[in-house]
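**Q** Please work from the sequences and hints to get the whole structure.
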Amino acid sequence: MPTASDDGFVVFDRVQKSYDGETLVVKDLNLSIAKGEFLTMLGPSGSGKTTCLMMLAGFETATHGDILLDGKPINNIPPHKRGIGMVFQNYALFPHMTVAENLAFPLEVRKIGKSDRDAKVKRALDMVQMGAFGGRRPAQLSGGQQQRIALARALVFEPELVLMDEPLGALDKQLREHMQFEITRLAHELGITTVYVTHDQTEALTMSDNVAVFDDGRIQQLAPPDELYEAPQNSFVAQFIGENNTLEGTIKEIKGTEALVTLDGGEIIVAKPVNVSKPGERTRVSIRPERVEYNKDRLHADAHTLKAEVLEFIYMGDIFRTRLRVAGNDNFVIKTRNAPDQRRLTPGETIEIGWLPEDCRALDA
Amino acid sequence: MDLPPYATTGQRVWFYTFRVICGLIFFFLIAPIVVIMPLSFSSQDFFTFTPEMLAFEAEGYSLKHYKDLMTSPDWQKAMSNSIKIAPMATIISVSLGTLAAIGLSQSHVPFRRAIMAILISPMIVPLIISAAGMYFFYSRIGLQGTYLGVVLAHAALGIPFVIITVTATLVGFDKSLTRAAANMGASPVRTFFKVQMPLILPGVISGGLFAFITSFDEVVVVLFVGSAGQKTLPWQMFTGLREQISPTILAVATILVVISIGLLTVVELLRRRSERLRGLSPG
Chain A
1 MPTASDDGFV VFDRVQKSYD GETLVVKDLN LSIAKGEFLT MLGPSGSGKT
51 TCLMMLAGFE TATHGDILLD GKPINNIPPH KRGIGMVFQN YALFPHMTVA
101 ENLAFPLEVR KIGKSDRDAK VKRALDMVQM GAFGGRRPAQ LSGGQQQRIA
151 LARALVFEPE LVLMDEPLGA LDKQLREHMQ FEITRLAHEL GITTVYVTHD
201 QTEALTMSDN VAVFDDGRIQ QLAPPDELYE APQNSFVAQF IGENNTLEGT
251 IKEIKGTEAL VTLDGGEIIV AKPVNVSKPG ERTRVSIRPE RVEYNKDRLH
301 ADAHTLKAEV LEFIYMGDIF RTRLRVAGND NFVIKTRNAP DQRRLTPGET
351 IEIGWLPEDC RALDA
Chain B
1 MDLPPYATTG QRVWFYTFRV ICGLIFFFLI APIVVIMPLS FSSQDFFTFT
51 PEMLAFEAEG YSLKHYKDLM TSPDWQKAMS NSIKIAPMAT IISVSLGTLA
101 AIGLSQSHVP FRRAIMAILI SPMIVPLIIS AAGMYFFYSR IGLQGTYLGV
151 VLAHAALGIP FVIITVTATL VGFDKSLTRA AANMGASPVR TFFKVQMPLI
201 LPGVISGGLF AFITSFDEVV VVLFVGSAGQ KTLPWQMFTG LREQISPTIL
251 AVATILVVIS IGLLTVVELL RRRSERLRGL SPG
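Protein chains in written order, with my numbering: chain A, 1 to 365; chain B, 1 to 283.
Note that these hints are calculated values from the structure, not bench results. A portion of the hints provided could be inaccurate.
From the derived model, a few chain B residues whose C-beta atoms are all more than 12 Å from chain A [what the hints assert, rightly or not]: (1) R12; (2) E59; (3) D74; (4) S80; (5) I92; (6) M123; (7) I124; (8) I129; (9) F136; (10) L152; (11) T265.
No farther apart than 30 Å at their CA atoms in a straight line, the calculated lysine-lysine pairs in the DSSO-like style are these [claimed, not checked]: (12) B:K194 x A:K111; (13) B:K175 x A:K81; (14) A:K114 x B:K194; (15) A:K122 x A:K111; (16) A:K111 x B:K175; (17) A:K122 x B:K175; (18) A:K81 x A:K111.
Heads up, the beta-carbon is just placed ideally off N, CA and C, and yes, glycines get one too.
**A** Dropping the structure here:
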């Protein structure tokens, strides 16, 4: 079975990994990353994403399968000969060296002459706006500054592939958002291929060209951020990415691109069948909170509606977040923009809600 | 620490008694060592304080025992032996002990606890037993009565100190630093010398100092494993005590005490430096 395409810059071909010889941490991983692509591996802890990164860096060996870099298998190449840059979760800056010495380290190893080395170090430091900090030691820098140095050190020897293992995890929210922008900017400017590991979905959505959602040692879905959010392929992805409403039911009928679903409360709704195939099958119908409409004027004339009871109304400034009881589900959340004509709901009232059939996806149970 | 204003009489009594007890313990430990120092400057050939010494008169003191130490061929030989043997034993202890500590700190090494226990055992087993064992073993393989034999025996005694101090430093060592170095293209050997070694150096050096002092002060094993040719300072002191109770021994003892204090000061300074470096390490 030819799986991952062969033209990728980084290719995982039927890779498996087991630490104890019994349970597979990574099960049959196939992934192809194009040159210059920013790919994020996203998943809960224990999903195998970090293991994949470590196998690519060479710190773990694949139990089965091949990993190819630029068309060549790298399973038998030790980490120090792979020429891959990496930013570690805790930055891993050498505490006994100054910032400039840290950056010069990979260049010294490559036997680059002193003057050339100094120029490259200076360029890398300027690139992350840390030009004035060359003489400091890592401990004299703040978390965000250390992060920048770690990034500069991973880029200073001009690798074609850079790996990042949750590099922003230790930073506060504001700094994290700023660094997300910086990292994507640098990656695109320098044209490097980046593999980024995170468990933060916002990070994944805002930074990546493609996101691979990991769970249980497998890629659940590999897609660009918008597709991942708007068209999740299974209920794990739907639940994991963004906020999501779930209604449980049974498939009544499938007609081409439409499926009739009998909800557990007895209501029948129209949904788009994604990974359900035959009537009688259990399903979870997934609808994004912001795609639910309760303003009659905005709903399609033929839109299917359900009765909902307002349980809670939360004012969040830019949006209203309302919790409803829909078809027996007490946790049905809708988000509406704080527009001048938007009506504020009050707990206790009963409304009619509706949505477009293509926004309502029937997924596996 | 001061007495709090609300202290009861009982607490007050204990407060002062405690200080007296501490002082007595300190005196008990230090007095025998301190008392030999003035004696080594005595102008007499006896182990006693003369009335002149007690009166702090210049003629009561002299450097004759130090002069004796510097001129006597026996002492000269012993000193040169000690100065030859101790550094060599230290180098072997440090190299092997450091490598063993690094190896045993890897989680994938099988039986690491058992191996560690065996390597540490020279520190726990009574010295006389090690010495007797080494005597029989070294005689068989022709090492008894050679410099190499004494050096190896002392190295075996010094290794546990190095393993313990280096293992302690490795506990705080961030493994992702070696990964980072490998990732940047450094070979394992380069990573060891450029990244790991500088960071565990305080542990390595203090282990080395302990190993050095062990070899420099050791008398039992060298009596068994060595022969007259390898007579070290402690051995010469031992014979000196038995055969001619000469205050030269006190001069040697004073020198050894000064060296030990010097080395311990170095250890303490290194420990502080290591603490500072650890405080500096990120994350």
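**Q** Tell me the numbers of any earlier hints that the structure contravenes, in ascending order.
**A** Result: no hint breaks.
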